[in-house]
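Asker: Numbering (UniProt numbering), first residue to last: 1 to 832.
Take the hints with a grain of salt, since some may be wrong.
Straight-line Cα separation of at most 20 angstroms, DMTMM-like style, residue types lysine to aspartate or glutamate; simulated pairs [stated by the list, open to error]:
#: 1; residue 1: Lys159; residue 2: Glu145
#: 2; residue 1: Lys806; residue 2: Asp780
#: 3; residue 1: Lys395; residue 2: Asp702
#: 4; residue 1: Lys416; residue 2: Glu350
#: 5; residue 1: Lys489; residue 2: Asp473
#: 6; residue 1: Lys606; residue 2: Glu637
#: 7; residue 1: Lys416; residue 2: Glu400
#: 8; residue 1: Lys522; residue 2: Asp410
#: 9; residue 1: Lys372; residue 2: Glu406
#: 10; residue 1: Lys522; residue 2: Glu637
#: 11; residue 1: Lys271; residue 2: Glu207
#: 12; residue 1: Lys576; residue 2: Asp648
#: 13; residue 1: Lys388; residue 2: Glu406
#: 14; residue 1: Lys215; residue 2: Glu298
#: 15; residue 1: Lys215; residue 2: Asp227
#: 16; residue 1: Lys395; residue 2: Glu718
#: 17; residue 1: Lys703; residue 2: Asp686
#: 18; residue 1: Lys215; residue 2: Glu146
#: 19; residue 1: Lys419; residue 2: Glu409
#: 20; residue 1: Lys416; residue 2: Glu298
#: 21; residue 1: Lys808; residue 2: Asp738
#: 22; residue 1: Lys215; residue 2: Glu276
#: 23; residue 1: Lys159; residue 2: Asp266
Here are the simulated distance ranges between beta carbons [as the list claims (entries may be wrong)]:
#: 24; residue 1: Leu373; residue 2: Tyr653; range: 20 to 30 angstroms
#: 25; residue 1: Ile277; residue 2: Gly199; range: 47 to 57 angstroms
#: 26; residue 1: Glu552; residue 2: Thr801; range: 56 to 66 angstroms
#: 27; residue 1: Gly370; residue 2: Leu788; range: 31 to 41 angstroms
#: 28; residue 1: Asp494; residue 2: Gly370; range: 14 to 24 angstroms
#: 29; residue 1: Thr716; residue 2: Asp392; range: 31 to 41 angstroms
#: 30; residue 1: Glu803; residue 2: Leu750; range: 15 to 25 angstroms
Rather than coming from a laboratory, the hints here were simulated on the basis of the structure.
These figures come from a predicted structure and were not determined experimentally.
Where is the CB? At the ideal position from N, CA and C, for every residue including glycine.
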Amino acid sequence: MSNVGEKSLRSRKIQFKLPEEASPKIDLSESTSGGNDYSQKRLKTGKIEFQSPENVSENGENIEFELPEENAVENSEVAVTSEKCLRSRKIEFQIIGNGNVEEKSPFSERGSAKNKGPPEINKNSKKKESKKKSVAFFIGEPIPEEEARERWHWRYELKSLRSKNKCWVLNAGEEDETILNVEFHYAQANVDGCIFNIGDCAYIKGEGRKKHIGKILEFFRTSEGEDYFRVQWFFRAEDTVMKEAASFHEKKRLFYSTLMNDNLLDCIISKVNIAEIPPAMGLEPDTLPLADFYYDMEYNVNYSTFRNLQTDNSNEIDESHSLQPVEPFHAPIAATPLEVFSGAGSLKSELALLDLYSGCGGMSTGLGIGAKLSSTNIVTRWAVEVEKSACDSLKLNHPETQVRNESAEDFLELLKRWKKLCECYVFADLKNPHEHSPDNLSKGESSEISELADNVPAGEFEVSCLVDICYGDPNETGKRGLHFKVRWKGYGPDEDTWEPIQGLSNCQERIQDFVRSGLRSKILPLPGHVDVICGGPPCQGISGYNRYRNIEDPLTDERNHQIVIFMDIVKFLKPKYVLMENVIDILRLDGASLGRYALSRLVHMKYQARLGTIAAGCYGLPQFRLRVFIWGALPSEKLPPFPLPTHDVVVRYWPPPEFERNTVAYDEGQPHKLEAAVFLHDAISDLPSVTNHETCEEMPYDKPPGSEFQRYIRLTREEMMRSMPIQVAEAKEPVLYDHMPYPLDENNYLRVCQIPHRKGANFRDLPGVIVGDDNVVRRDKTKDPILLPSGKLLVPDCVFTFEKGKSKRPFARLWWDETVPTVLTFPYHRSQ
Numbered sequence: 001m002s003n004v005g006e007k008s009l010r011s012r013k014i015q016f017k018l019p020e021e022a023s024p025k026i027d028l029s030e031s032t033s034g035g036n037d038y039s040q041k042r043l044k045t046g047k048i049e050f051q052s053p054e055n056v057s058e059n060g061e062n063i064e065f066e067l068p069e070e071n072a073v074e075n076s077e078v079a080v081t082s083e084k085c086l087r088s089r090k091i092e093f094q095i096i097g098n099g100n101v102e103e104k105s106p107f108s109e110r111g112s113a114k115n116k117g118p119p120e121i122n123k124n125s126k127k128k129e130s131k132k133k134s135v136a137f138f139i140g141e142p143i144p145e146e147e148a149r150e151r152w153h154w155r156y157e158l159k160s161l162r163s164k165n166k167c168w169v170l171n172a173g174e175e176d177e178t179i180l181n182v183e184f185h186y187a188q189a190n191v192d193g194c195i196f197n198i199g200d201c202a203y204i205k206g207e208g209r210k211k212h213i214g215k216i217l218e219f220f221r222t223s224e225g226e227d228y229f230r231v232q233w234f235f236r237a238e239d240t241v242m243k244e245a246a247s248f249h250e251k252k253r254l255f256y257s258t259l260m261n262d263n264l265l266d267c268i269i270s271k272v273n274i275a276e277i278p279p280a281m282g283l284e285p286d287t288l289p290l291a292d293f294y295y296d297m298e299y300n301v302n303y304s305t306f307r308n309l310q311t312d313n314s315n316e317i318d319e320s321h322s323l324q325p326v327e328p329f330h331a332p333i334a335a336t337p338l339e340v341f342s343g344a345g346s347l348k349s350e351l352a353l354l355d356l357y358s359g360c361g362g363m364s365t366g367l368g369i370g371a372k373l374s375s376t377n378i379v380t381r382w383a384v385e386v387e388k389s390a391c392d393s394l395k396l397n398h399p400e401t402q403v404r405n406e407s408a409e410d411f412l413e414l415l416k417r418w419k420k421l422c423e424c425y426v427f428a429d430l431k432n433p434h435e436h437s438p439d440n441l442s443k444g445e446s447s448e449i450s451e452l453a454d455n456v457p458a459g460e461f462e463v464s465c466l467v468d469i470c471y472g473d474p475n476e477t478g479k480r481g482l483h484f485k486v487r488w489k490g491y492g493p494d495e496d497t498w499e500p501i502q503g504l505s506n507c508q509e510r511i512q513d514f515v516r517s518g519l520r521s522k523i524l525p526l527p528g529h530v531d532v533i534c535g536g537p538p539c540q541g542i543s544g545y546n547r548y549r550n551i552e553d554p555l556t557d558e559r560n561h562q563i564v565i566f567m568d569i570v571k572f573l574k575p576k577y578v579l580m581e582n583v584i585d586i587l588r589l590d591g592a593s594l595g596r597y598a599l600s601r602l603v604h605m606k607y608q609a610r611l612g613t614i615a616a617g618c619y620g621l622p623q624f625r626l627r628v629f630i631w632g633a634l635p636s637e638k639l640p641p642f643p644l645p646t647h648d649v650v651v652r653y654w655p656p657p658e659f660e661r662n663t664v665a666y667d668e669g670q671p672h673k674l675e676a677a678v679f680l681h682d683a684i685s686d687l688p689s690v691t692n693h694e695t696c697e698e699m700p701y702d703k704p705p706g707s708e709f710q711r712y713i714r715l716t717r718e719e720m721m722r723s724m725p726i727q728v729a730e731a732k733e734p735v736l737y738d739h740m741p742y743p744l745d746e747n748n749y750l751r752v753c754q755i756p757h758r759k760g761a762n763f764r765d766l767p768g769v770i771v772g773d774d775n776v777v778r779r780d781k782t783k784d785p786i787l788l789p790s791g792k793l794l795v796p797d798c799v800f801t802f803e804k805g806k807s808k809r810p811f812a813r814l815w816w817d818e819t820v821p822t823v824l825t826f827p828y829h830r831s832q
């Protein structure tokens, strides 16, 4: 990326440059997993096979769908198109002839950017003539001027504000193009013999032969005698950010939008019947309205948001919305987290959380701390992690959490079988078990017990009780299935064994006791028990750090397939809220197919959803770390906002241009005061010096905290959760844990020691290295290479070939007044 302007968030300007070639396209549908009915297909050519609603038009004609080419950005450091401001949700009406708009960083204040509507909207230009000329004209007398000015006052106000020698078009060429020279308004129009009234819905001509759908808001004639209508657009699922990932959606479902513009009257094709229905989970096809289409949600390009219809967007539409800024999708946080913690109020509610791919529980812990800002208590009831060491750490710090050391696939299968066990051994013939609280069940409650497997001969040992349950192959026999951990009579816990359910057919009473007890203590969640599911599916198959990732068909990678499993668990448990996190490359890899898929699954399940890109540095960390977060919420709940930045940040790279409107930042003109950016000095200057071979796991700090970050990071988890003031916490003697560097081997340690202690120093400062005029490093062949005591070269050959010899990152020193793009768990000395 070229250096344009300063790297400060408040002043940085950028230019983007689109790549010459379009990105590969795919036909993406849901992969089969468990009870999933979806399948995944891909054309070998890498091009889209667009699945339309039956691929025929409403009048029976075949339709050839022509999709606009989408430009892909596979590199983190790419530039963007022309000059346009990033990420404004404020609609700026510019008269033709005005000067250029200044660009701004997406992480501080949003600049202007045109609204995106349905692809290939037909513009109101005389140059675009239809092959078949339609007959369109207004009917009756014009609406009286006084009435018209009252109904569409905004249009007449703009007309009066027009400067001399300016064009009669606002935002010409944009999707929100608006005509100013209105002469008369009309109530009806005749198009090819069909009478249209204001408020009717219609098919409208698009590019090629594709039909778009919209609602007619007004009819008017200009001073030049041209007839226009104003339309409010509906989006088909494939017209939204979901694109090809929406191929499995109901074809009759549309999405309401606030995008409106003016079009020539003869762009109207025919009437269409559209019904508004309330949002509901699990709407069956036979319960859909008889209308041609229906809509139950609103779509907005800002944060790719799908949400419940607003109360003022019912039957009557306020045409003045076309001139109003889009409603903000988040509310500013008035205080920084530290200030809020010290004065948090009483908690209003408690939400049970399931943490998938939990690791040591960082995401759920952070979410719980953040929820206190809204006086909500999030309790992590269940966690699933495949790494045993991470599970041990989580159990130690969160003894109240049911921690499952298993894969997400096995966890999902276990949940399905647990539900059947509860139905069989507890609920009997009840059809909706999650509606009955397990706290109300008594051990003596009778139920009909069904045989789960064929009888097998009795074992030699007597079962005392069952202590755990899992799905998989815990004994590594090659046979997967449901297993119980058995405590044998006369033996202790060390002799517990995993037994398949088929071998316990004579222990129905023990199974019943275990299921009833487990239901009371909620060892596993049932549908309706979980309020929040959060998790970050593995990113190793997505991240650009992986040079061997599958860029052609990402979902075939087992690690990327975890996104499918994540959504399948959401579908089964139906939580109130969903929060999924992943790396920014989920919006770069394969045309963002994985990000679109995740959003599409939520919307298909009738969840409200939005996608935001958030830079960790905007919240007081010394690393940029741009990440993608997807919120989901049931129709009965309010879709949560993204928190606004609290700190300035040094921008290290940019989001993909297509998703620039998803960057979480303040709106242009929105009042805000950011704290200064946090640098490495603010974060680690108080740490004691250690050697390459440090082994001490605990040590005291040797100096007091020198920054707000250092004071906060010394708080214990309990102090954070109890909202203890920092002054009180400082009275305790803080302990520094795990201050041990990743040990370098002897050769690389000696190389690092030879790098000068100054800003910008790297391997190029070592003797024997020549930098050419082309910025390519070469070994100085006039001198003998310097060897290490081991006989290895001081300057290894790899640095001369890394990034074709142009990189400055190998063995590079970070400095106190710098930040890093992303802190890695595995420090790599050859890449700074």
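Asker: Taking the hints in turn, state whether each one holds.
Answerer: Status of the hints after comparison with the structure:
1. Lys159 x Glu145: Holds, at about 14 angstroms.
2. Lys806 x Asp780: holds (16 angstroms)
3. Lys395 x Asp702: Outside the cut-off at roughly 31 angstroms; violated.
4. Lys416 x Glu350: violated (26 angstroms)
5. Lys489 x Asp473: With a Cα-Cα distance of about 24 angstroms, the restraint between Lys489 and Asp473 is violated, given a limit of 20 angstroms.
6. Lys606 x Glu637: holds (12 angstroms)
7. Lys416 x Glu400: violated (24 angstroms)
8. Lys522 x Asp410: Cα-Cα ~18 angstroms, so holds.
9. Lys372 x Glu406: Status violated; Cα separation ~30 angstroms.
10. Lys522 x Glu637: The given pair, whose Cα atoms are some 24 angstroms apart, is violated under the 20 angstroms limit.
11. Lys271 x Glu207: holds (19 angstroms)
12. Lys576 x Asp648: violated (33 angstroms)
13. Lys388 x Glu406: With a Cα-Cα distance of about 9 angstroms, the restraint between Lys388 and Glu406 holds, given a limit of 20 angstroms.
14. Lys215 x Glu298: Holds. Lys215 to Glu298 sits at ~14 angstroms (cutoff 20 angstroms).
15. Lys215 x Asp227: holds (17 angstroms)
16. Lys395 x Glu718: Status holds; Cα separation ~16 angstroms.
17. Lys703 x Asp686: holds (6 angstroms)
18. Lys215 x Glu146: violated (24 angstroms)
19. Lys419 x Glu409: With Cα atoms ~16 angstroms apart, Lys419 and Glu409 stay inside 20 angstroms; holds.
20. Lys416 x Glu298: violated (33 angstroms)
21. Lys808 x Asp738: Violated, at roughly 30 angstroms.
22. Lys215 x Glu276: Given pair Lys215, Glu276 holds - Cα atoms ~13 angstroms apart, limit 20 angstroms.
23. Lys159 x Asp266: Given pair Lys159, Asp266 is violated - Cα atoms ~24 angstroms apart, limit 20 angstroms.
24. Leu373 x Tyr653: 20 to 30 angstroms: Holds, at about 29 angstroms.
25. Ile277 x Gly199: 47 to 57 angstroms: The hint (47 to 57 angstroms, Cβ to Cβ) is violated, given that Ile277 and Gly199 are roughly 18 angstroms apart.
26. Glu552 x Thr801: 56 to 66 angstroms: Distance hint for Glu552, Thr801 is violated at roughly 26 angstroms.
27. Gly370 x Leu788: 31 to 41 angstroms: violated (49 angstroms)
28. Asp494 x Gly370: 14 to 24 angstroms: violated (42 angstroms)
29. Thr716 x Asp392: 31 to 41 angstroms: Once the Cβ atoms are compared, 20 angstroms apart, the range 31 to 41 angstroms for Asp392 and Thr716 is violated.
30. Glu803 x Leu750: 15 to 25 angstroms: The hinted range 15 to 25 angstroms holds for Glu803 and Leu750, with Cβ atoms some 24 angstroms apart.
Checked against the numbered hints given earlier, this structure breaks hints 3, 4, 5, 7, 9, 10, 12, 18, 20, 21, 23, 25, 26, 27, 28 and 29; the rest are met.
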